[in-house]
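The lines below spell out each chain.
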Amino acid sequence: MKIHWTRVVVSISLFSLLTGVYADTVGGDRWSAAEIEQISSLSLRGLDALPPDPTNRVADDPRAVILGQRLFFDVRLSSNGRVSCATCHLPDREFQDGTPLASGVGATNRRTMPIAATAHSPFLFWDGRKDSQWSQALGPLESPVEHGGTRAQYAHVIAANYRADYERIFGILPNLENIPLSAGPVPDAAAAKSWEGLSDAQRNAVTGVYVNIGKAIAAYERRIQYRASRFDRYVDGLRQATGTEQSALRPDEVAGLRLFIGKANCTQCHNGPLLTNNEFHNTGVPAGRGLSADEGRLAGANSVLRDEFNCRSRWSDANRAQCAELEYLVTDAHTLQRAFKVPSLRNVAERAPYMHAGQLATLRQVLDHYNRAPEAPAGHSEVKPLRLSALELRQLEAFLRTLSGGTTAPPMLPSVTALNQNR
Amino acid sequence: MKASQYYTAACLAALVFSVAGCATRPAAGEFGVGPRTSAERRYVATLQPQQVLRPRQLQSMRVSIVDARGQAVNDANILVDGGMPQHGHGLPTKPRVTKSLGGGLYEIEGVRFNMGGWWEFKLAINGVAGADTVTFNLDL
Ligand SMILES: [Cu+2]
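Order-wise, the sequence lines are chains A and B. Residues 776 to 1198, numbered by our numbering, are exactly what the first sequence covers, in order. Residues 12 to 151, numbered by our numbering, are exactly what the second sequence covers, in order.
Be aware that one or more of the hints could be misleading.
Using 30 Å as the maximum straight-line C-alpha spacing, the simulated BS3-like pairs for lysine-lysine come out as follows [what the hints assert, rightly or not]: (1) K1038/A - K1159/A; (2) K110/B - K133/B; (3) K1038/A - K110/B; (4) K105/B - K133/B; (5) K1159/A - K105/B; (6) K1159/A - K133/B.
These are computed hints drawn from the structure, not numbers from a lab.
Start from the sequences and build out the full structure, keeping to the hints where you can.
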């Protein structure tokens, strides 16, 4: 008897389809129904709508978005007149700067993080020491190595340059006549002394303006989001079960995806539509050369509880019941030692170097790191050696490169473009 | 219990009850929100999630507890724990019982499952019928 191989293949495929072993169409990539579900859970289509920010009453006020954008790019918000948020968070570079450590007024001891989709993240910074976008923004402004200025200085910048726009959103600006040009709770001794010299009412007036600067910037940042990538188009094809997914990804990229969700175990931490669980893990990344010891989340979890601007603070617009993230926070586990925030892997190929202090220069180095899984310099690494072959590492890297799709942000205001050109 | 101890305990239990291998996923019938009988059969607990359980979200749920004769158990002291036996990690937050609602119903807040897959969700119940633990297997 002559065997019709084509018929055999077709009937096996049909059988697979019916039994649900292979839910994919004939000719498409072979995935089980469970794998398709797992892959779909990584698609950007599954991202929740922008979550409300109860701590920031102007989070969704379009006027605050505009003011926030102008402040994000304004170098007057610095001690030397040369640093804005955009100095390190460059809009045409995924809102980061492509260097291992950032430089503002001085040099930072961590790498600049991309900003897209941080509205979906309960904690910010590599150690999660802030619990909202607005309170995060107030960190670099008073950091001596970033913007280097003080809250009193920034309140004066608002009074001189943004009074009308500010008052339309936040109400009357307090009288700043008797407030020194530089004062704030900062390491600089003179500015700190001026701050101590103010009355409580004066300090609260200045801090109130400072907080509103953060809230306007956050309204802008909320709108910085990821665009769909080639991987997302692959998932679309897969879900429609038309077999068209193959045009979106090459076979080596598909093989990399298989490793990513399977043998390489990457989705243990890089899961969901943003390819991060937004948690903190110790992955044994070596300490940054020449930097002092970094405890990561252990320090960050304790610091967010005490933060002057956290969800429970008087400056937050939330009520205590809305601060559940702080209420159920783990602060004492041994697993927090040198745990760092799991970065989103969207656009990851476009923004080397990698890790919290830019320790690894290329994606290949990152994959070699996971493959070897060295002991952590402190605490305990959660990752185990993968023992992947050179071919598998190349496939995994090929997959990571399919996650690029760029970033969307509110359109550049003409006034902001002009300000940047004058620099 | 620390995640590592928890993992070891899960593996030991697997050996003792000669389940195939260490931290093997239980049979489909073992999954779900209950009713679920505690290890020493003192209580029967049923979870009532307040929303569909989803990974990465901070969520709350209710649990109803009755004793072996079906009587509602009030005023029990309940500790919440959990983790993923296959990965050796615990819960990323510290959930706890925040309210006793009466009629054997309790409110649990601050629960987060930081990835999809098989999770164990454990309640250590100390009430009128004594101390006992109940373990739910949840598929996120
Ligand atoms: Cu896990």
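The hints, checked one at a time:
no., hint, verdict
1, K1038/A - K1159/A, "holds, 12 Å"
2, K110/B - K133/B, "holds, 18 Å"
3, K1038/A - K110/B, "violated, 42 Å"
4, K105/B - K133/B, "holds, 13 Å"
5, K1159/A - K105/B, "holds, 26 Å"
6, K1159/A - K133/B, "holds, 27 Å"
Checked against the numbered hints listed earlier, the structure breaks hint 3 alone; every other hint is satisfied.
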